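One letter stands for each residue in the lines below.
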Amino acid sequence: MEKVSVIIDGKTVEAVKDQCVLDVARENGIYIPSLCYNPEVKSSGGACRVCLVEAHQGGKMRLVTSCNYPVRKGLEIKTDTPFVHKIRKGVLELLLSRVPDSDVIADMAAKEGLTETRFRKDEGENNRYKCISCALCTNVCAEVVGVSAISMEDRGADKKPATPYHKPSDVCIGCGACVYACPTGAITMKEKGDVRRIWSKDFKMICCSVCSTPYIPEAQVDWIVKTTGKDRTFFDKCPDHR
Amino acid sequence: MIDVNKVDEIINRYDKSEESLLAILQDFQREFYYVPEEGMRRLSEVMAVPQSKIYAMGTFYKALSLTPRGKHTVKVCTGTACHLKGATQILETLERELKVKRNSTTADGEFTVECVNCVGACAMAPVTVVDEDYYGQTRASKVMDVLKKYK
Amino acid sequence: MGAITSIEQLGKYREQVAANTKTDLPTVLVCFGTGCQANGARPVAEAFSKTIAEQGLKLDVNIGIKTTGCHGYCENGPLVALKPQGILYLKVKPEDVAEIVEKTIKAGQVVERLIYKDKTTEQTIAKYQEIPFYKYQHRIALKNIGAIDPTNIDDYILAGGYAGLAKALKMEPDAIISEVERSGLRGRGGGGFPAGTKWRSCMAVKSDTRYVICNGDEGDPGAFMDRSVMEGDPHAVIEGMIIGAIAVGAHKGYLYVRDEYPLAVKNLKIAIDAARDKGLLGENILGSGFAFDLKISRGGGAFVCGESSALMRSVEGNVGEPRAKYIRSVEKGLYDEPTVLNNVETWANVPEIMVKGADWYASLGTKGSKGTKVFSLVGKVNNTGLVEVPMGISVRELVEKIGGGILGGKKFKAVQTGGPSGGCIPEHLSDLPVDFDSLTEVGSMMGSGGIIVMDEETCMVDVAKYFTNFLVGESCGKCTPCRDGLPRMLDILTGITEGKGKEEDIAALEELCEVISWGALCGLGTSAPNPVLSTIKYFRDEYDAHIKDKKCPAGVCKALITYSIDAEACTGCTLCAKKCPQSCISGERKKAHVIDAGKCIKCGVCKDVCNFNAVRIA
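Residue numbers (this note's numbering), protein chains in the order written: chain G, 693 to 934; chain E, 41 to 191; chain P, 839 to 1456.
No wet-lab data here; the hints were simulated from the structure. Computed from a predicted structure; not experimentally measured. Cβ coordinates follow ideal geometry from the N, Cα and C atoms, glycine included. Treat each hint with caution, since some may be false.
[Unchecked claim] Between beta-carbon pairs, the in silico distance windows are:
1. G/721 x P/1089: 29 to 37 Å
2. E/56 x G/887: 33 to 41 Å
3. P/956 x E/52: 34 to 42 Å
4. G/892 x P/1164: 51 to 59 Å
5. P/1412 x E/111: 32 to 40 Å
6. P/1031 x G/880: 44 to 52 Å
7. E/49 x G/903: 55 to 63 Å
8. G/887 x E/186: 54 to 62 Å
9. E/190 x G/887: 47 to 55 Å
10. P/1089 x E/185: 49 to 57 Å
11. P/951 x E/141: 39 to 47 Å
[What the hints assert, rightly or not] As a list, the in silico SDA-like pairs of lysine to any residue whose alpha-carbon atoms are at most 25 Å apart:
12. G/734 x P/1156
13. P/1396 x P/1364
14. P/1375 x G/810
15. G/893 x E/78
With the hints as constraints, model all of the structure from the sequences given.
Structural data, given as structure tokens:
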């Protein structure tokens, strides 16, 4: 692991070559907002643009998304300049317009002193239901879970995650990884008794043999057993009682 | 009902590689005048590619339609030269006379009116393409006459 | 014959084709580009075949009717060129064929009514090369188009084709790259990146697999240069790609062609098959041991697929989303392997550069922009079509000398260059030389070569709205600034054109432009502000008129104009009243008509049908 020295907000720090700027910043206690990036998901990042920072290299300055910009020798990063804040505020104003009912976005915007948008809000017919089209859900489903039950449908402002034809998916295992990955809580997952409902499909849950709490969909267990060969009886008990 | 044999015949025209996916979807479009769900499901099965990926492609590429199109497609080119030379008037005339909104099909299923990107015949702007036939220097006052021979 | 198995054999084959072709015999060339076909080229060609066969002219002279690729003078099609006379006939109909055969082919005379006539001077010109539209051109990428049958490889070989490849096969890859570097060839798709530098970067990356790709996704509305080259001289592109493949060490290549160009796909496929049969593609090219083959990949109706990384995702079998990561395609492109992607026109220039040399190419053009460029000169100009000229010609020369001035004698207002990524150049700057750097300096860009000519009846706010609307429909949707910013820019522009503009609109537009140009993920987004910013810069007065005075000086924005009939000019022919869909024009026969402004929907039909220019827009 080759190490490099980079300057971030005037401070010289050590980093691993090609590590992303965001991770380096976090390691050094510097705050950069981020929404669409998850370090566990290689295909994530670069979409929401809230993590843009100034990258100074070779006498040039460009704004880069810190979640996927690789640190190399001679790099200087500035996360806190008036220009960074100006553009960040601009991006957040657009997100506020897109998902006016999202607390997550509202909080992030408030940090930049922004509480409302000048522009048209996506409402009524155009309601985005808190979705910022960052694709973390579909990336997780394809890359981490491996079932690709959902994908990003359409393009432009109407781009959104969906099951094919909006019909209940043949391959979804009801694991809820998409729900946990979503930065704005835009995906609905409801449970009633031992049935979980997600993406318009009902999943029967297995109940813990000790505490009787429904805790994991059968379909998810089927998938784990199929792909890892794990013993099914492992799932008789919930994590608290294993 | 979609002819399953035709679907398979189209799929078999190409290598079993993901590079062929878009070409197959387009051949479905040309054959059936849209991309049927049965075709996409069969393609997913044969290529061992997630159904969701094919669905994403089907909805991303605007050359593809997931709903049946009319018997005849009327494409109004909205490239820059055509726009400057009256494409808007042509489109409005078609919407008004055929009682149809752009990018949709007339009630009788005869015509689908679409706005399309530059077709590359800019020197003949404004251009209208009906099925495979190109009409240059279209005039809003004459476009309905052009359609007469397709009825 | 089968495959040609050596460079020497290629030379011999060319001689053989020459011997078998009676090149001094009269030839009728019927343009079969998309434009002329739309205007009825096929019946004209059929009429020629029939007449010539009927008259038994084959006995005396062998008349070859070559169906050729797009000449580029589409508005005047169907175009028929005659060799050896060098005459060009315009707007030829099947009914004209008999006369052409009698008078020109048999008797060597000109059919006056079918030749070019200058709209202002009324001067007629029969010879192809002397028509202003063609006279000032220097055709390199377009050199064969209109002169050969694109579906016949022998025509290409006879015209000197594949001589560049023969030369390259005898050179070291490094030497080929040096030649391209010295020529100064810059990418013709819009980026203007030095081709040789790109090739060298790719070659330097260590990998067993690499690719060359041709970007035939010509998406700029108003541009059809690449279509013509792919339809009219597909072998030039193929040969260029083989040479590039040898230079960087690629054994597989892709030609990405947009879905809207079916004839280009067809002709490329015919050409690839023919090249393979002749041993010019495949496992052992001309017996050299070098293996390279090409595959056609069709686009699906997405402008964003013209962006390199999006195109590569599309080739692989995905949605065409640009890649967010900061990796150059020459390092990790298609399938994460080193890839050289160049535009159709860039590839088409390579064979000639190999044959005639870098010094020759670099002697053309300007200091920073060598060679020639194919432009699509369209819009409100008299002579519309494709022109290839040395870089450095001024906008004014293009519009006036070659373009023949503004249609209908109206006033030249501006040109738009670079499509949705470019900007406008107002008339007062039109002595600017057209080259990569000078256009960028004034806030536009060369782009792929589309030059849209605008006159006093073009509303520049409407132009900004048009391009923004286009991009809203083409945004891939991945990044916030483009996906959510462009629609809000469109809101503001639409408001301005509808008379709802506010004082703070321009400032809001400029702020949005800054966020989008700095924050967007790919070139579509980062260049989207250009048409808006350049029209604000050069036509601020028009924006102000819309916002403050609620007026559209050019007479375009419906909410701000009124249609009326000039009583002096109106002859009372009643045609407009008959055609009006709202039935809101009234008047007696032979008396001045009147439009009821309250009912008028400003559809433009009355102005369109009026033969007396009596309809006014204010």
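Earlier hints that do not hold, by number: Failing hints, ascending: 1, 3, 4 and 13.
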